[in-house]
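Student: The residues making up each chain are set out below.
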Amino acid sequence: MKRIAAIALALVAALPAWAAEVTSFSLDNGMDVVVLEDHRAPVVVHMVWYRAGAAEEPPGKSGIAHFLEHLLFKGTDDMAPGEFSDVVARNGGSDNAFTSQDYTAYFQRVAADRLEDMMRMEADRMRDLQLSEADILTERQVIIEERNQRVENNPGALFQEQMRAAQYLNHPYGIPVIGWRHEMVSLGLEDALGYYERFYAPNNAILIVAGDTTPDEVRALAETYYGPLEPTEGLGPRMRPQEPPQTSPRRMTFEDPRVSQPYVSRSYLAEPRRAGAQEDAAALLLLSEILGGDSQTSVLARKLQFDTQTAIYSGAFYDPTSYDDTLFGVSVVPAPGVSLQEAEDAMDRAIAEFIEEGVDAEQLERIKTSIRASEIYAEDSVQGLARRYGAALTSGLTIDDVDNWRSVLEAVTEDDILAAAREVLDPDRSVTGWLMTPGMDETGAAAQPGAQEVTQ
Amino acid sequence: MMMRFAFAALAALALAGPARAAVDIKEVTSPGGITAWLVEEHSIPFTALEIRFKGGASLDAPGKRGAINLMTATLEEGAGDLDARGFAEARDDLAARFGYDVGDDEMSISAQFLTENRDEALALLKTSIHAPRFDQDAVDRVRQQVLSIIRSEKTDPNDIAQAEFDARAFGDHPYATSLNGTAESVAALTPDDLRAAKDRVMARDRVFVSAVGDITEAELGALLDDLLGDLPETGAEMPGPAPFDLEPGVHVVPFETPQSVAIFGHGGIARDDPDFFAAYVLNQILGGGSFTSRLMEEVREKRGLTYGVYSYLVPKEHADLYLGQVASANDRMAEAIEVIRAEWQRIRDEGVTDEELEDAKTYLTGAYPLRFDGNARIADILVGMQVTGLDRDYVNTRNAKVEAVTQDDIRRVAERLIQPEALSFVVVGQPAGLVGSN
Numbered sequence: 001m002k003r004i005a006a007i008a009l010a011l012v013a014a015l016p017a018w019a020a021e022v023t024s025f026s027l028d029n030g031m032d033v034v035v036l037e038d039h040r041a042p043v044v045v046h047m048v049w050y051r052a053g054a055a056e057e058p059p060g061k062s063g064i065a066h067f068l069e070h071l072l073f074k075g076t077d078d079m080a081p082g083e084f085s086d087v088v089a090r091n092g093g094s095d096n097a098f099t100s101q102d103y104t105a106y107f108q109r110v111a112a113d114r115l116e117d118m119m120r121m122e123a124d125r126m127r128d129l130q131l132s133e134a135d136i137l138t139e140r141q142v143i144i145e146e147r148n149q150r151v152e153n154n155p156g157a158l159f160q161e162q163m164r165a166a167q168y169l170n171h172p173y174g175i176p177v178i179g180w181r182h183e184m185v186s187l188g189l190e191d192a193l194g195y196y197e198r199f200y201a202p203n204n205a206i207l208i209v210a211g212d213t214t215p216d217e218v219r220a221l222a223e224t225y226y227g228p229l230e231p232t233e234g235l236g237p238r239m240r241p242q243e244p245p246q247t248s249p250r251r252m253t254f255e256d257p258r259v260s261q262p263y264v265s266r267s268y269l270a271e272p273r274r275a276g277a278q279e280d281a282a283a284l285l286l287l288s289e290i291l292g293g294d295s296q297t298s299v300l301a302r303k304l305q306f307d308t309q310t311a312i313y314s315g316a317f318y319d320p321t322s323y324d325d326t327l328f329g330v331s332v333v334p335a336p337g338v339s340l341q342e343a344e345d346a347m348d349r350a351i352a353e354f355i356e357e358g359v360d361a362e363q364l365e366r367i368k369t370s371i372r373a374s375e376i377y378a379e380d381s382v383q384g385l386a387r388r389y390g391a392a393l394t395s396g397l398t399i400d401d402v403d404n405w406r407s408v409l410e411a412v413t414e415d416d417i418l419a420a421a422r423e424v425l426d427p428d429r430s431v432t433g434w435l436m437t438p439g440m441d442e443t444g445a446a447a448q449p450g451a452q453e454v455t456q
Numbered sequence: 001m002m003m004r005f006a007f008a009a010l011a012a013l014a015l016a017g018p019a020r021a022a023v024d025i026k027e028v029t030s031p032g033g034i035t036a037w038l039v040e041e042h043s044i045p046f047t048a049l050e051i052r053f054k055g056g057a058s059l060d061a062p063g064k065r066g067a068i069n070l071m072t073a074t075l076e077e078g079a080g081d082l083d084a085r086g087f088a089e090a091r092d093d094l095a096a097r098f099g100y101d102v103g104d105d106e107m108s109i110s111a112q113f114l115t116e117n118r119d120e121a122l123a124l125l126k127t128s129i130h131a132p133r134f135d136q137d138a139v140d141r142v143r144q145q146v147l148s149i150i151r152s153e154k155t156d157p158n159d160i161a162q163a164e165f166d167a168r169a170f171g172d173h174p175y176a177t178s179l180n181g182t183a184e185s186v187a188a189l190t191p192d193d194l195r196a197a198k199d200r201v202m203a204r205d206r207v208f209v210s211a212v213g214d215i216t217e218a219e220l221g222a223l224l225d226d227l228l229g230d231l232p233e234t235g236a237e238m239p240g241p242a243p244f245d246l247e248p249g250v251h252v253v254p255f256e257t258p259q260s261v262a263i264f265g266h267g268g269i270a271r272d273d274p275d276f277f278a279a280y281v282l283n284q285i286l287g288g289g290s291f292t293s294r295l296m297e298e299v300r301e302k303r304g305l306t307y308g309v310y311s312y313l314v315p316k317e318h319a320d321l322y323l324g325q326v327a328s329a330n331d332r333m334a335e336a337i338e339v340i341r342a343e344w345q346r347i348r349d350e351g352v353t354d355e356e357l358e359d360a361k362t363y364l365t366g367a368y369p370l371r372f373d374g375n376a377r378i379a380d381i382l383v384g385m386q387v388t389g390l391d392r393d394y395v396n397t398r399n400a401k402v403e404a405v406t407q408d409d410i411r412r413v414a415e416r417l418i419q420p421e422a423l424s425f426v427v428v429g430q431p432a433g434l435v436g437s438n
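Read top to bottom, the protein sequences are chains A and B.
With the first letter of the first sequence counted as 1, position 22 gets the number 22 in the working numbering; the numbers rise by one all the way through.
With the first letter of the second sequence counted as 1, position 9 gets the number 9 in the working numbering; the numbers rise by one all the way through.
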């Protein structure tokens, strides 16, 4: 333990020497700006994050946030369809966009001297998108093929989609970001424009520029290009339908001939990081690391894969950065000859024993050491750092919350973790799912030995 | 989170080499004669180290398919005095990161470690290279994970397509089968098989090393012998050239799923061929560029037939391929294939426009330096250059080679490389209106 403590101290003391400089300010029209300086390479990442994602979609229009994200590459009053990406490519850059439940983000990675071009184009499409019916029809086929590729062709994704829908009784997080297929096929121009005009506005956006630039340069360019854009009036706070008290454990089985490896998955409704109050989330993150973070040393691995040969894989997951209630989960892939019921029972026993036995102090210290070191390794990717700020700021957090997150994690105690476990592992707020191969019996056992070897 | 567009296979297929970037590459030779490439970068107190052993999983011994893969996955499952958990705990105590991976042509060890405990981290890494235990219980545990992957490959349409393509293309070469092995071959592997597999691939005559970060020439030189000096001088013989026997046409593997997936292609061009850069630029225009390629324009942007379609040169160690992939709903795959065939024909017959050529060159030369933006990424590029046989100065000359490609070069290489009549499509799904040619 002494050696570990020494390492920890050295890391903490050294940290400020190399941490990227973070600067933030706002434009008069309400647009927030964050600048991360890193002058190691003549490259910048330019990102615009909107505080709007799939969870802002109107009822019956699932997928429109993501569909609009595709349509943003279709042209404006000043740019032809496809021109945005063509210009980025001609400048040797790359561009892409992402949609989650809580945000839609657009970014380009280019040589530092091309930053102005990126801002000019991104500002242009924030308010002046031009869409035709033909764009809509073709691009709708593309998103349906995207759903085919990501979900319909993948039984595990179909299963996860059903579990999530069962987990959220009232909140739109239960609806997939890509959209339900039956709603996607009728999404139209008006739906896209309605969402666009409301949410794509400077007072709903965060500009993040990371890399070989300065706050002065970013401020001057941002005032020139984003400064003149009109805000959306009356946007108001983000209010999504919230979950009622969840009072009943839910269970589901999902069978598909394309499943070759059955598993058990369980999710629980969980607290996310809250602005100025990240302690519960920090405890949950450490709980997920302790239960299922490392494939050799985590509690589930130790009990289910080492001390017994119950499982092939085990894991825990928790996404702390979310505007509303998030998920905490555990999953177990049973070893051959172990039924899903046996795997689930063993998982429950392992967790109960953990709560009984408490947190291994050395394991906790190792995890904290990794977290400290991850701050050093994270400096190697300025784009990764920029995404960290973007995701947090669009999830209701502040720059201070991002900067304090590590020290909040650092302060978590063994008791905090056990208290978090008792709080979150509430069966009434859980969904348990079995992903099954055809012919399994009601305990989730293969019909006959070797049945799962048979394919096609 | 949804991405507008995922670079499915592209990352792995991008050219290993690279650029006129602001990196100062030094060659360091240890007292024991091991060379490594180094870029010193002292602004962040850690180092990224990349080690590659040429040959990879293709060096599996006859009847032992999957041994090198299982061996690689078991290196970190106990070494020296430490069992699997002890090794993981020691690594985490040091906050070091180790990765062990294998492909058809290379086995790789990647490490990142902090300056403040570099010696201890390297001592631990060394035990996994020199003294992996391959304890029976660890081997059995990892074996079950590999068997699970092998089962999954049989019901994943992309894996089915890859397996069918490889089996039809590569005769009895190792490329013809999955490096994971089969359920039968993997079930039979013993700890002794893994020790033998290790000696086949992890040898000094095929090792390449790069380091980027907070480390000096002298420090790197001193650690190379310690880390790698005791490995066997030589390993197994390379398997030799692979045949490419894929028959042209459409081969359908029936599989019940809503979206068909296809892998297509024919023979390619060698990495050291004088026309490689012309071919690289040509492919950029046909199907290599993200949103801007002809295939993306015609198949996705104009017709909405797919979420993504790509083509890529695959200069493997023992075979040169020109491949592509596409996924499209069962009732639309036939049209997607028709459009791809038409584009293959069009670029052969008509070549490219001056504007396309200029745009592709601008993109490729502009994008190259952007790759060099982190210790781990630079280390990966440097070791890839060594394996490919490029010299250090390549980073300074590469863009000039792209710039030098002319319309004449494009026409010549199009005639040689683009072979519409040789195109072979392996399609997995229930594609409507596609009649397999065999």
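If you're looking for bench data, these hints aren't it; they were derived computationally from the structure.
Treat each hint with caution, since some may be false.
Here are some chain A residues the structure puts well away from chain B; computed CB gaps all over 10 Å [what the hints assert, rightly or not]:
1) Phe73
2) Pro228
3) Pro244
4) Gln305
5) Ile399
6) Ala411
Just so you have them, the derived chain A footprint on chain B, three or more residues with Cβ under 8 Å [as the list claims (entries may be wrong)]:
7) 41-52
8) 272-280
9) 341-355
10) 392-402
From the three backbone atoms N, C-alpha and C, an ideal C-beta is built for every residue, glycine too.
Student: Could you work out which of the previously given hints the structure breaks and list their numbers from low to high?
Tutor: Violated hints: 1, 4, 8, 9 and 10; rest satisfied.
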